[in-house]
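Colleague: Start from the sequences and build out the full structure, keeping to the hints where you can.
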Amino acid sequence: MSNKLMRPILLKGHERPLTQVKFNREGDLIFSSAKDYQVYSTSNYLITASADFSGKLWKAETGECIYTWNFESPVKRVEYSPDCKKVFFITDHVMGKQGKIQIFDIDFTKPEQESKPILEIINEGDATTKPTTATWSYAGKHIIAGHADGSISKYDSITGEQLEYSTPFKKTITDIQTSSDRTYFVASSKDQTAKLFDIDSWKLLKEYESESPVNAACITPVKDYIILGGGQDARDVTTTGGGEGKFDAKIFHKIFQDVIGRVKGHFGPLNCIAIHPEGTSYVSGGEDGFIRLHHLPKSYFEFQYEVEKTAEALQHQNASSSSSGNEQIEASA
Amino acid sequence: SDTMDTNAALRELILKRKQLLAEWTEYRSNTVANLASLNLPDHKGTVAEETIETIKEVVLEEHEEVVE
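If you're matching them up, the sequences are chains C and B in order. Take the first sequence: its position 253, counted from the start at 1, is 253 in my numbering, and no numbers get skipped. Take the second sequence: its position 41, counted from the start at 1, is 41 in my numbering, and no numbers get skipped.
Hints in this document: simulated from the structure, not taken from any laboratory. Check before you lean on any hint, since a few could be wrong.
What the hints assert, rightly or not - Under the rule of at most 25 Å between Cα atoms (straight-line distance), these lysine-lysine pairs were calculated in the PhoX-like manner: (1) C:170 x C:246; (2) C:264 x B:56; (3) C:110 x C:171; (4) C:170 x C:223; (5) C:309 x B:18; (6) C:246 x C:12; (7) C:203 x B:16; (8) C:59 x C:22; (9) B:56 x C:12; (10) C:190 x C:206; (11) C:22 x C:309; (12) B:16 x C:206; (13) C:110 x C:56; (14) C:85 x C:12; (15) C:171 x C:206; (16) C:223 x C:203; (17) B:56 x C:56; (18) B:16 x C:309; (19) C:190 x C:246; (20) B:18 x C:206; (21) C:59 x C:110; (22) C:298 x B:56; (23) C:246 x C:171; (24) C:206 x C:141; (25) C:22 x C:56; (26) B:18 x C:223; (27) C:141 x C:203; (28) C:203 x B:56; (29) C:246 x C:264; (30) C:223 x B:56; (31) C:56 x C:97.
Modeller: Here it is, written out as structure tokens:
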């Protein structure tokens with residue numbers, strides 16, 4: 001897979017580095033946010049988290065702000081629960097305020113929202129253990145969080161109880177994204193790796209190694225791949241000089257853990273990645289201020305390892321032999 | 001004997017991949033079964049799909065030039 005096969009659509013709507021890109025559920029809209037904003041949305045509503053200590057609910061179509069939540073510190077991240085009835089905000093650990101994950105009830109049918117959180121998960125440690133990113137598990141049962149010290153944790157989203165905690169990374173967690181069914185997730189880190197974990201068993205399933213800090217990673221539906229990206233921080237690039245090649249998005253085979261494709265393009269680190277809900281395209285947002293929308297080529301979908309081809313052929317064979325078996329029974333009956 | 005070594009290494013790699021694939025397939029079928037047994041509501045909802053137009057881009061020729 002190379003760039004010749006993939007002609008991305010470049011979107012330039014931001015002057016500042018991109019911090020997040022998201023598809024809506026239908027996959028026909030892309031929402032993006034630049035420095036100091038985080039975003040989460042359905043097609044009709046949008047929630048942003050901002051460094052100005054606020055969270056805001058917007059009407060996506062008109063851009064009208066419906067509600068504002070106020071916090072004691074900058075807001076780093078926001079995400080709706082899968083049923084869209086709750087929302088969490090991650091607030092930063094600064095100025096003597098502890099980092100928190102705050103969960104609110106939300107009701108889109110009303111303009112007025114609850115200003116008090118129903119649950120607060122508070123970082124009891126110092127700034128090194130603050131939550132940096134999080135997501136909801138299947139049915140919104142848990143909140144999976146990544147922390148600045150490279151640890152990951154699983155909380156009960158009703159009680160806030162910490163159910164799992166481990167430190168599988170050496171540096172800060174930059175992104176956590178789940179599979180479509182939200183039963184497993186990929187976490188990425190500045191320590192140049194991304195790892196796959198099962199939510200229920202908390203088992204490490206797979207590891208992916210990169211040559212530079214990983215800022216974002218996603219699990220692709222349809223194909224068993226992981227797309228990740230990152231790059232040296234701007235301040236380190238000039239000293240290493242080897243910027244070229246470090247800003248590629250890499251496509252890994254999820255099961256075999258090999259790099260099977262690279263996508264060049266950004267002129268700086270990749271800050272965020274989102275996959276289309278149907279797995280047909282992906283967007284990346286860069287430190288360069290560009291959003292690149294890539295429609296995935298035929299070769300992406302056709303690529304298979306020999307063992308995958310064999311397994312698939314065997315499955316077809318079994319399916320057809322069992323169905324022909326039924327015919328024989330029917331014929332003799 | 002080099003070819004023998006290469007063949008052996010390749011054989012091992014293929015067997016390893018075969019095992020990884022089998023493990024993954026089993027892991028996924030267990031997870032999917034567990035999830036189904038919980039009878040959780042499906043929040044994905046019905047997505048109304050509408051294809052409006054398909055644009056095909058054909059690249060006829062492509063040059064790369066180094067400008068000093």
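Colleague: Go through the numbered hints given earlier and state which of them the structure violates, listing their numbers in rising order.
Modeller: 3, 4, 11, 14, 17 and 28
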